[in-house]
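Engineer: Here the protein sequences come in this chain order: A and B.
By our numbering, the letter at position 90 of the first sequence is numbered 116, and the numbering carries on one by one without gaps.
By our numbering, the letter at position 205 of the second sequence is numbered 218, and the numbering carries on one by one without gaps.
Take the hints with a grain of salt, since some may be wrong.
Below, computed lysine to any residue pairings styled on SDA-like, alpha-carbon distance capped at 20 Å [said to hold, decoys possible]:
(1) B:Lys192 to A:Gly142
(2) B:Lys184 to A:Ala122
(3) A:Lys100 to B:Gly264
(4) B:Lys192 to A:Arg117
(5) B:Lys184 to A:Asn114
(6) A:Lys130 to B:Lys15
(7) B:Lys93 to A:Ile147
(8) A:Lys130 to B:Leu265
(9) B:Lys184 to A:Ala118
(10) B:Lys184 to A:Ile147
(11) B:Lys93 to A:Asp112
(12) B:Lys192 to A:His115
(13) B:Lys196 to A:Arg138
(14) B:Lys196 to A:Asp133
(15) A:Lys130 to B:Lys93
(16) A:Lys130 to B:Glu59
(17) B:Lys93 to A:Arg117
(18) B:Lys93 to A:Asn114
(19) B:Lys192 to A:Val109
(20) B:Lys15 to B:Glu59
(21) B:Lys192 to A:Ile147
(22) B:Lys184 to A:Asp98
(23) B:Lys184 to A:Asp133
(24) B:Lys192 to A:Ala122
(25) A:Lys130 to B:Lys196
(26) B:Lys192 to A:Lys100
(27) A:Lys130 to B:Phe171
(28) B:Lys184 to A:Leu144
(29) A:Lys130 to B:Glu172
(30) B:Lys184 to A:Leu146
(31) B:Lys93 to A:Val109
(32) B:Lys93 to A:Gly123
(33) B:Lys184 to A:Arg44
(34) A:Lys91 to B:Asp37
(35) B:Lys196 to A:Asn111
(36) B:Lys184 to A:Lys100
(37) A:Lys130 to B:Thr169
Partial selection, computed: residues in chain B whose CB lies under 8 Å from chain A [as the list claims (entries may be wrong)]:
(38) Asp91
(39) Lys93
(40) Pro170
Read the hints as simulated data drawn from the structure, not as lab findings.
Glycine residues also receive a C-beta, built at the ideal position from the N, C-alpha and C atoms.
Given next are the chains, with one letter for each unit.
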Amino acid sequence: MRTCLLVDDSRVIRKVSRQIFESIGFVCEEAENGKTALETCKTKLPDFILLDWNMPVMNGIEFIKALRQMPDGKNPVIVFCSVENDMNHIRAAIEAGANEYIMKPFDADIIRGKLGLLDLIEA
Amino acid sequence: MKPDDFDLFATLVKQRSGLVLTGDQSYLLESRLLPVTRTYNLKSLEDMAQAVRSTRDEKLMHDITEAMTIHDSYFLRDLKPFRYFQSTLLPQLLVKREAKKHLRIWSAACSSGQEAYSLAMICAGESDKLQGWKVDIIGTDLSREIIARAKSGIFTPFEVQRGLPVGMLIKYFEQSGDKWQIKDEIRQRVQFSEGNLLHDFGPIGVFDVVFCRNVLHCFDPLTKTKVLESISHVMLPDGMLFLSLGETTTGLPDHFKSIHAPCSVFGLESAAKAQ
Chain A
27 MRTCLLVDDS RVIRKVSRQI FESIGFVCEE AENGKTALET CKTKLPDFIL
77 LDWNMPVMNG IEFIKALRQM PDGKNPVIVF CSVENDMNHI RAAIEAGANE
127 YIMKPFDADI IRGKLGLLDL IEA
Chain B
14 MKPDDFDLFA TLVKQRSGLV LTGDQSYLLE SRLLPVTRTY NLKSLEDMAQ
64 AVRSTRDEKL MHDITEAMTI HDSYFLRDLK PFRYFQSTLL PQLLVKREAK
114 KHLRIWSAAC SSGQEAYSLA MICAGESDKL QGWKVDIIGT DLSREIIARA
164 KSGIFTPFEV QRGLPVGMLI KYFEQSGDKW QIKDEIRQRV QFSEGNLLHD
214 FGPIGVFDVV FCRNVLHCFD PLTKTKVLES ISHVMLPDGM LFLSLGETTT
264 GLPDHFKSIH APCSVFGLES AAKAQ
């Protein structure tokens, strides 16, 4: 079973994305900021991470930089999912090690499309 | 809506575009046509039906047809046909057309241009191999409005996320306000024009590759056969036709043969005989 970590300080966003990922067949865990996400990852790395940018305690960029330094930290596929939707933010996320980027608001179609591009589901 | 009015609109749209509307689609018809009534200062669909009957106004009939025939479009829709194009078909064409170094690709019923632009971006990504080649990418659609949109190359954040990898967004788009515009270097690779699949295609030329996806299901079987017949006349003998996923040779004119079923790619039977 593939695992997925949903990192967002909004409980609503976590709930909505959880429904989408569970319907695709992922087992989901949640974290409300980068720090708790990093702790979860130290216990067990998920296959996939959906990552918000702006969060208290530790933001998405700080998290991804820290994770990519960890042993096997390059393995999880990471998709940023943020209201920051300008080119500079998108470039910065990719340079920091994100595999894809989703601009909020998003829908199930967009998530499925991105997972297809990343070969995590059949397009 | 009155059955008579529904029939009037359905007949009009079918004659002009081939699109078949069934009785259970009166909701779709209402939601698409109400904005047209407002443009013409008509109070209701009933009034618009009356206007069509009494005036047969060409512009009104055109606008009604357009409103009914605008379809959703995605970049790299279904992904695998485009991967097949890039990894299998394009390398084959690079060998087969080595002498003339010229490729012609047609996105038929191109809607707002995502399919044609996807192909243009793929070709841009292969520019090393296509050095010295001329690649014509033609997009046609019967809707004037949608062709204008396609030409503008401007898309919403929603549209640029549907199917488009972020790497392509970074490389080939520029942000302008809350919209995204495809860069000139890609826009220049594509020519868009109005064109109705039911009519004579005119001096459109012949093609190595035709994409005609997610449109034939709107037609009745006879119209579909007629359109495919016409398309076969503008395909080179060894040209390839991409149809919607799941499309099989059943219901296709006899001279089409399956080339790569998982991506619904078809060729012409005569090519096999000639070889």
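Engineer: Would you mind marking each hint as holding or not holding in the structure?
Structural biologist: Results for each hint:
1. B:Lys192 to A:Gly142: At roughly 24 Å apart (the allowed maximum being 20 Å), Gly142 of chain A and Lys192 of chain B break the hint.
2. B:Lys184 to A:Ala122: Answer holds: Lys184 of chain B to Ala122 of chain A is near 17 Å, not above 20 Å.
3. A:Lys100 to B:Gly264: violated (49 Å)
4. B:Lys192 to A:Arg117: Holds: Lys192 of chain B and Arg117 of chain A sit about 17 Å apart, inside 20 Å.
5. B:Lys184 to A:Asn114: With Cα atoms ~13 Å apart, Lys184 of chain B and Asn114 of chain A stay inside 20 Å; holds.
6. A:Lys130 to B:Lys15: Given pair Lys130 of chain A, Lys15 of chain B is violated - Cα atoms ~42 Å apart, limit 20 Å.
7. B:Lys93 to A:Ile147: Roughly 12 Å between the alpha carbons, so the hint for Lys93 of chain B and Ile147 of chain A holds.
8. A:Lys130 to B:Leu265: violated (42 Å)
9. B:Lys184 to A:Ala118: Roughly 14 Å between the alpha carbons, so the hint for Lys184 of chain B and Ala118 of chain A holds.
10. B:Lys184 to A:Ile147: This hinted pair is violated, its Cα atoms lying about 25 Å apart.
11. B:Lys93 to A:Asp112: violated (29 Å)
12. B:Lys192 to A:His115: With a Cα-Cα distance of about 16 Å, the restraint between Lys192 of chain B and His115 of chain A holds, given a limit of 20 Å.
13. B:Lys196 to A:Arg138: Given pair Lys196 of chain B, Arg138 of chain A is violated - Cα atoms ~26 Å apart, limit 20 Å.
14. B:Lys196 to A:Asp133: This hinted pair is violated, its Cα atoms lying about 26 Å apart.
15. A:Lys130 to B:Lys93: Violated - the C-alpha atoms of Lys93 of chain B and Lys130 of chain A are around 26 Å apart, more than 20 Å.
16. A:Lys130 to B:Glu59: violated (41 Å)
17. B:Lys93 to A:Arg117: violated (26 Å)
18. B:Lys93 to A:Asn114: violated (30 Å)
19. B:Lys192 to A:Val109: Holds: Lys192 of chain B and Val109 of chain A sit about 14 Å apart, inside 20 Å.
20. B:Lys15 to B:Glu59: Holds, because 8 Å separates the two Cα atoms, which is no more than 20 Å.
21. B:Lys192 to A:Ile147: violated (29 Å)
22. B:Lys184 to A:Asp98: Violated. Lys184 of chain B to Asp98 of chain A sits at ~29 Å, over the 20 Å cutoff.
23. B:Lys184 to A:Asp133: Distance ~24 Å between Lys184 of chain B and Asp133 of chain A Cα, so the pair is violated.
24. B:Lys192 to A:Ala122: Distance ~25 Å between Lys192 of chain B and Ala122 of chain A Cα, so the pair is violated.
25. A:Lys130 to B:Lys196: Violated: Lys130 of chain A and Lys196 of chain B sit about 23 Å apart, past 20 Å.
26. B:Lys192 to A:Lys100: violated (32 Å)
27. A:Lys130 to B:Phe171: It holds: about 9 Å lies between the C-alpha atoms, which stays within 20 Å.
28. B:Lys184 to A:Leu144: holds (18 Å)
29. A:Lys130 to B:Glu172: holds (12 Å)
30. B:Lys184 to A:Leu146: violated (23 Å)
31. B:Lys93 to A:Val109: Violated, because 29 Å separates the two Cα atoms, which is more than 20 Å.
32. B:Lys93 to A:Gly123: violated (25 Å)
33. B:Lys184 to A:Arg44: Given pair Lys184 of chain B, Arg44 of chain A is violated - Cα atoms ~31 Å apart, limit 20 Å.
34. A:Lys91 to B:Asp37: At roughly 54 Å apart (the allowed maximum being 20 Å), Asp37 of chain B and Lys91 of chain A break the hint.
35. B:Lys196 to A:Asn111: Given that 20 Å is the threshold and the Cα spacing comes to 18 Å, the pair holds.
36. B:Lys184 to A:Lys100: violated (24 Å)
37. A:Lys130 to B:Thr169: With Cα atoms ~12 Å apart, Lys130 of chain A and Thr169 of chain B stay inside 20 Å; holds.
38. Asp91: Holds, because the Cβ-Cβ distance from Asp91 of chain B to chain A comes to roughly 6 Å (cut-off 8 Å).
39. Lys93: Check passed: Cβ of Lys93 of chain B comes within 6 Å of chain A, closer than 8 Å.
40. Pro170: Where the cut-off is 8 Å and the nearest Cβ of chain A is about 5 Å from Pro170 of chain B, the hint holds.
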